[in-house]
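Q: Listed here are the chains, written in short residue letters.
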Amino acid sequence: MTATQTTPGLPARGGTGGAASTGAVPPAAAARRPGARRPRRWRAQLTAWAFIAPVVIYLLVFYAYPLYRNVDLSLRAYTLRSFIDGTAPFVGLQNYVDVIQSSTFTPALINTAVFTGVSILFQFSIGMALAVFFFRNFRLAATLRALFLVPWLLPLLVSASVWAWMLNSESGVVNAVIEGLGLHQINWLTSPQWALVSVVIANIWIGIPFNLVILYSGLQGIPGDLYEAAALDGANGWQTFWRVTFPLLRPVSAITILLGLVYTLKVFDIIWIMTRGGPVDASTTFAIWSYRLGFGGESPQLSPAAAVGNLLIVVAFIFGLIYIRVQQRVVRS
Amino acid sequence: MNSTTARRLRVVGALALSAALVGTLAACSTPSSKPTAGGTYTLWDPYPNRDASSTWAKAVDACATQVGVTIKRTASNTGDTVKDLTTAASNLPDVALVDNPKVSTLADAGLLTTTKQNGFDVSSISKNILSAGQIDGKTYGVPTGANTLGLYYNPTVLSAAGVDIASVKDWASLTDALKKVVAAGKKGITFSAVGTEEGSFQFLPWFWGAKADLTKLDSSEADSALSLWTDWLKGGLAPNSVIQNTQGTSWDEFKTGDFGFAENGSWFKSDADTAGFKSIQIPAENGGPAPAPTGGEFMTIPIQKDTSRYATSAKIVACLSKGDTAATALGYVAPTKAGADAQLAADPTLQGWITAVGDAKPRTADNLGIKYGKISEQLYTAIQSALSGTASPSDALKTAQAAVK
Chain A
12 MTATQTTPGL PARGGTGGAA STGAVPPAAA ARRPGARRPR RWRAQLTAWA FIAPVVIYLL
72 VFYAYPLYRN VDLSLRAYTL RSFIDGTAPF VGLQNYVDVI QSSTFTPALI NTAVFTGVSI
132 LFQFSIGMAL AVFFFRNFRL AATLRALFLV PWLLPLLVSA SVWAWMLNSE SGVVNAVIEG
192 LGLHQINWLT SPQWALVSVV IANIWIGIPF NLVILYSGLQ GIPGDLYEAA ALDGANGWQT
252 FWRVTFPLLR PVSAITILLG LVYTLKVFDI IWIMTRGGPV DASTTFAIWS YRLGFGGESP
312 QLSPAAAVGN LLIVVAFIFG LIYIRVQQRV VRS
Chain B
11 MNSTTARRLR VVGALALSAA LVGTLAACST PSSKPTAGGT YTLWDPYPNR DASSTWAKAV
71 DACATQVGVT IKRTASNTGD TVKDLTTAAS NLPDVALVDN PKVSTLADAG LLTTTKQNGF
131 DVSSISKNIL SAGQIDGKTY GVPTGANTLG LYYNPTVLSA AGVDIASVKD WASLTDALKK
191 VVAAGKKGIT FSAVGTEEGS FQFLPWFWGA KADLTKLDSS EADSALSLWT DWLKGGLAPN
251 SVIQNTQGTS WDEFKTGDFG FAENGSWFKS DADTAGFKSI QIPAENGGPA PAPTGGEFMT
311 IPIQKDTSRY ATSAKIVACL SKGDTAATAL GYVAPTKAGA DAQLAADPTL QGWITAVGDA
371 KPRTADNLGI KYGKISEQLY TAIQSALSGT ASPSDALKTA QAAVK
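Protein chains in written order, with our numbering: chain A, 12 to 344; chain B, 11 to 415.
Watch out, some of these pointers could steer you wrong.
Said to hold, decoys possible - Pairwise CB distance ranges (calculated):
(1) A:Ile266 <-> B:Ser280: 32 to 40 Å
(2) B:Arg319 <-> A:Leu165: 43 to 51 Å
(3) B:Ala352 <-> A:Thr117: 55 to 63 Å
(4) A:Tyr238 <-> B:Lys93: 57 to 65 Å
(5) B:Ala352 <-> A:Thr98: 15 to 23 Å
(6) A:Gly193 <-> B:Thr166: 26 to 34 Å
These aren't lab readings, by the way, just hints derived from the structure by calculation. These numbers come from a predicted model, not from an experiment. Beta carbons: idealized from backbone N, C-alpha and C, even for Gly.
With these hints in hand, go ahead and build the complete structure from the sequences.
A: So, in structure tokens, the structure goes:
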């Protein structure tokens, strides 16, 4: 095929004149060469753009435009009427000021931090413990490990609904057990003290498989002779973990934790299904707050909702940058 | 194939791909297609669970035949109606069924025609039901029918606990009855106090029954209504799960047969009849029936570019609101006296509910209109706050009133 001959170095052609490699061009075209050079360069450019176009359009339509719209939305006072007559006055940073001064801001900030922090802490440590446990490759280890992946395979809607049923004050199995032990019922989802705890527990359960899988694959990258050496030096299990496994797993751990942070910050479905962020603001995180402002209430407040969403994006973006930095360092080392 | 054509083809291919991508996106952004044939009218309703074989769909079809047009019916969730309608601004349906407290919001956004514009006659519609669709003297829609809340009771549980339902006349006697039921080893009352519009809806009979006013959420009357609920929860007369119960889950609780009472809607009447449950009107604080809020959708005619369509749309609406076919299909009390009489003739046990709907009042009444949405949001937040023990009833209501202002 002649096409393959002419493709390499498309942009370079115009520059070098390319007389030697234009063998495939008919003599008539070759004769018009001085005049044809310009259109060809232009055509090469066009070709390049045509190839890039699908990706650029995709990025513009699905990333740049929604982001721009969200920023624009947060800087205006949108009402339902705005959709009809297209007018929404520009209010600058007023929505951000309102959001930060709102009585929900502090609880939402604390809840987001606690929810993310505690979830990550337990997901990671339990995931790590299980990874080390399964790395011993005992009988049925593969089967058990597969079972631990179940939370990951279930649709979040299913997991969250099941948790909500189990933790139901009156008819939940958890309270049935607690009362069976002679203790007083706990209003897991409906008391301000327990609502956040409940959603954190559910979220930890859902996040363990992710940590388990990544840390397990990280363990496989540690050379076996290091363990042999440690064993010869007389290290016990605990020492082997802290002196060999943990330090060598540090790069993988960093990435697991940072990815977990970005995922956990934006968790919405579990909380919404279990408590709707309530009672009142007791389990409201930024993600929940943003949705509740925009779509959950009786009067849609789209602009403040966009402002909260943007704050969340900024936080996630910072963690994203840290993630990229850490990953680069891992690649380099 | 020579090189230039091959390259040109590739360029064309890549451009075509991008064009296709843009084209698909453009196609995505238009949610529904505009009816092209002159005889096709679109109707949006919030009943996705009623399919083409349901009595409601049949009632719509019958009206289509009667008016001589084709009606294309689209059903989506209630919660999405407002969002769908606002984002479809240039492409509105001919008839949209909207939850009654949302009518004022949509009218305020300039989406709906008035009866003056669309020429619909509302003189036969019951005044109290219709007023949910009226703002500043203009009428923006017609009710398909109305439902309301009542107090269901389980006669088996009550007789075992020695409660005579005739003794339940006001809040004090109701609370006494609940105590007797609980003392007999059963559960008192279940309702829905969830943090959504449903929670406010269920609270209103008690709120209005204490003579409280939605424009003054922190009044002592409002406090006494919220304290009634809070004390029931604290005293174990109502389960803690009411904080999360929707009306559906609350009904499921009641159906276990463990509860003496349940506050729920007329739409469960046939279910109650089967289970042997009966109902009374919700008592006011000092006796007599409390006004309950009306529920149910309004048929509205959204703005069209082609105003000549209104006449036919009005005929469709007239057909659906006439008599009791549509209302009965939806489990509502008919919006006209004639329709309600026909329903009563067919089923005399409906009397209690027809009276209750007659006593009921719309949530957006007292000229609250669009303000109701915000008030309701604060009201259900206050309910959540008090019932969960986050704040005392009076503090919760004070916070709510401050947030409304």
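Q: Does each hint hold? Answer for all of them.
A: Status of the hints after comparison with the structure:
1. A:Ile266 <-> B:Ser280: 32 to 40 Å: Check failed, 58 Å falls outside 32 to 40 Å.
2. B:Arg319 <-> A:Leu165: 43 to 51 Å: Holds: the Cβ-Cβ distance is about 48 Å, inside 43 to 51 Å.
3. B:Ala352 <-> A:Thr117: 55 to 63 Å: Once the Cβ atoms are compared, 57 Å apart, the range 55 to 63 Å for Thr117 of chain A and Ala352 of chain B holds.
4. A:Tyr238 <-> B:Lys93: 57 to 65 Å: 58 Å, holds
5. B:Ala352 <-> A:Thr98: 15 to 23 Å: 47 Å Cβ-Cβ, so the 15 to 23 Å window is violated.
6. A:Gly193 <-> B:Thr166: 26 to 34 Å: Roughly 31 Å apart at Cβ, these two residues keep to the hinted range, so it holds.
Consistency with the previously given hints fails for numbers 1, 5, ordered from lowest to highest.
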